[in-house]
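Participant: Model the full assembly from the supplied sequences, consistent with the hints where possible.
These protein sequence lines are chains P and A, in that order.
Sequential numbering from 135 applies to the first sequence in our numbering.
Sequential numbering from 135 applies to the second sequence in our numbering.
Honestly, the hints are just simulated from the structure, not real lab data.
Among the hints, erroneous ones may be present.
Which copy is meant is left open, so a pair is good if it fits within one copy or across any two.
[Claimed, not checked] Quick list of in silico lysine-lysine cross-link-like pairs, DSSO-like style, CA-CA up to 27 Å:
1) Lys216 x Lys264
2) Lys485 x Lys267
3) Lys414 x Lys344
4) Lys414 x Lys485
5) Lys344 x Lys423
Letter by letter, the chains look like this.
Number of protein chains: 2
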Amino acid sequence: MISDIITVIAPVNIAVIKYWGKRDEDLILPLNDSVSATLDTNVMCAKTSVCARQDLIEDEIWLNKEKVPFSNRLQNCLKEIKARAASENSVDPIFLHLKIRACSENNFPTAAGLASSAAGYACFVFALAKLYKVKSDISSIARLGSGSACRSVYGGFVRWHAGSKPDGSDSVATQIADASHWPEMRALILVVGDKKKETSSTGGMAVSVKTSELMRHRVEYCVPQRTELIVDAIKNKDFPKFAEITMKDSNQFHAICLDSYPPFVYMNDISHSIVGLIHKYNEISGKVKVAYTFDAGSNACLYLLEEDVSEVISLIKHVYPPSNSKGFVTGLSYVEDVNSKILKMFQPKDKDLIKYVIYTKVGDGPSEVTDGSHLLNRDGSLIHLM
Amino acid sequence: MISDIITVIAPVNIAVIKYWGKRDEDLILPLNDSVSATLDTNVMCAKTSVCARQDLIEDEIWLNKEKVPFSNRLQNCLKEIKARAASENSVDPIFLHLKIRACSENNFPTAAGLASSAAGYACFVFALAKLYKVKSDISSIARLGSGSACRSVYGGFVRWHAGSKPDGSDSVATQIADASHWPEMRALILVVGDKKKETSSTGGMAVSVKTSELMRHRVEYCVPQRTELIVDAIKNKDFPKFAEITMKDSNQFHAICLDSYPPFVYMNDISHSIVGLIHKYNEISGKVKVAYTFDAGSNACLYLLEEDVSEVISLIKHVYPPSNSKGFVTGLSYVEDVNSKILKMFQPKDKDLIKYVIYTKVGDGPSEVTDGSHLLNRDGSLIHLM
Chain P
135 MISDIITVIA PVNIAVIKYW GKRDEDLILP LNDSVSATLD TNVMCAKTSV CARQDLIEDE
195 IWLNKEKVPF SNRLQNCLKE IKARAASENS VDPIFLHLKI RACSENNFPT AAGLASSAAG
255 YACFVFALAK LYKVKSDISS IARLGSGSAC RSVYGGFVRW HAGSKPDGSD SVATQIADAS
315 HWPEMRALIL VVGDKKKETS STGGMAVSVK TSELMRHRVE YCVPQRTELI VDAIKNKDFP
375 KFAEITMKDS NQFHAICLDS YPPFVYMNDI SHSIVGLIHK YNEISGKVKV AYTFDAGSNA
435 CLYLLEEDVS EVISLIKHVY PPSNSKGFVT GLSYVEDVNS KILKMFQPKD KDLIKYVIYT
495 KVGDGPSEVT DGSHLLNRDG SLIHLM
Chain A
135 MISDIITVIA PVNIAVIKYW GKRDEDLILP LNDSVSATLD TNVMCAKTSV CARQDLIEDE
195 IWLNKEKVPF SNRLQNCLKE IKARAASENS VDPIFLHLKI RACSENNFPT AAGLASSAAG
255 YACFVFALAK LYKVKSDISS IARLGSGSAC RSVYGGFVRW HAGSKPDGSD SVATQIADAS
315 HWPEMRALIL VVGDKKKETS STGGMAVSVK TSELMRHRVE YCVPQRTELI VDAIKNKDFP
375 KFAEITMKDS NQFHAICLDS YPPFVYMNDI SHSIVGLIHK YNEISGKVKV AYTFDAGSNA
435 CLYLLEEDVS EVISLIKHVY PPSNSKGFVT GLSYVEDVNS KILKMFQPKD KDLIKYVIYT
495 KVGDGPSEVT DGSHLLNRDG SLIHLM
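Facilitator: Below you can see the structure in the form of structure tokens.
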């Protein structure tokens, strides 16, 4: 008994209200709501092929061409999808007894604060949902893999509701608005370092919950207010408001990391110089045109509107000059604006402080790949290991 | 009519519970209590000579050999000291009508987060108190110059009480214990940068008070608890407790800076690497032997006990090797411990990340200089300008 090969892609999401701190470690239930934008899978995505086969003696997974242990988190996702399939009666029960083989890849650096685990688990769970023909909301299952993965299950702007039930059944993601609602929204990812971070998100947030005296105030007062405000800003397409809340919430998340004991930092001197650049640019521009946000790593994600992309990319190249301009900006196409008067108001810094820039936009949720570009052969063997 | 030349020295103090945020900008009244240790004037001090002369048409001051405007803050201190002298009937009232000339120097870098203004204003006010024979507590007058200057008016361990009166009369410093109470206490100042900081303390704390949503929680809940705990730790000479609170409060102060909008940072990558080093050293040592604390700058101040100084200085030289070892550590004398097994557990970093180290200890408050080494000649002219 051998299933078809199912192949899907899933997007990265970058939070504007940050998830930091769990109320339940096993069920991955957060202390607060979070909000993110889902980014275009044409630029950055995870891709997963999966099949179920009678000849497998255990569940197997390859990640970026390496076989890795089929972790508890992967098992939890698989178990819950199968339970859902059983309750939906979506496949022959015998089919649920077969072991699976999965193969997953990201087209961007893993674990450098680029939300790779969110895309990866969303992809894995979405592939399983296709394999087992599950029709209901799978965000709470993706959440079991990596909290923020639940937000990558939908496109556009997404809210992950913390929920309050002990079993986590109300800790799900919902779409605030789809990608077509605010088509001008763009994102620039400034890759500062692509080495693996020192403090994992999981480890860091556990330390924060246990030790940061400021954490509770953030969770109880700051985030609930900000979440309502940013949802309104998204619905009203109020960019300055959206940007201000995004920047404040990023800063507060990193403040909580510093208030933890022992403290840990994800932003470095280059990250902070980007923060300074954006504030100065907004001030000179006379309005808030760009927002920065930093996840658990030194890379910046800038949100901005399409009309400002040319100037901002030119500004970044001016202030952080690359040794080799070719390939410095990848992703969507753009036109440079090297004659902008604003560039003259900024001094260039040392070369190569920013390694490369990914230019992308808000996009749709996961989708099945129908062009046959699987990561597994029809016989279940791995394409990349052939 | 010409007064004698009065010359005094005053110490630096480094806070372990940080002062950050004013409830009154003009009277320099803080939002929370703070606690500091006063450092030995034999190693670091401000020195001020002052005289009153009939032939002066305005009050004058030279700071580090440059004539600077006699600012509002200086005027406020002078006015209050004169008012106090009048109420104490300590000098002939005619004498209070003379203008003064002051000359002040620091033997360490100004405004690089090394508490230079605290020592400077404490010195200026203490000199005036001697000139006008004021006997009562002058900490509230030093406070009018620079908030933390009030703590440099006493030696040993000092608490600045925030007070609650609108006129600030209860916002004074008191001594928790004198320098002889805990004679083993030592301090190492690691000078990372000696350039002037980008965000002044005054400017930064105003932004924090106005914008940081976490600030109020710090002021209302965290600091009051910590202050009581660290006063007890000082009284009981409980170093691990003293050190833990010191580190947590430093981190929280910098977290508040990051939570401000726009955010600002004083610590840089080198500062954070020192934080990492101290936590690792304490962990390997099996007990908390060293505490770090950072003011509004990138320099670290380490508190530790005399018995650990040799090993810690050797560790710093090992991890942050200087190009030129000579003069790298100034201040008190010490013996190196280059054979400590612990050094092998740390990788050296790039050279010259730390510029120099000042080794000092907890010391006494301001005192009058009696060896005749004035900064002004008997005729009122400046010694260094001759």
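Participant: Next step is simple, just say for each hint if it's right about the structure.
Facilitator: Hint-by-hint comparison with the structure:
no. : hint            : verdict
1   : Lys216 x Lys264 : within (11 Å within a copy, 84 Å between copies)
2   : Lys485 x Lys267 : neither (51 Å within a copy, 60 Å between copies)
3   : Lys414 x Lys344 : between (36 Å within a copy, 19 Å between copies)
4   : Lys414 x Lys485 : within (20 Å within a copy, 33 Å between copies)
5   : Lys344 x Lys423 : between (37 Å within a copy, 23 Å between copies)
The structure is inconsistent with hint 2 alone, although it conforms to all the rest.
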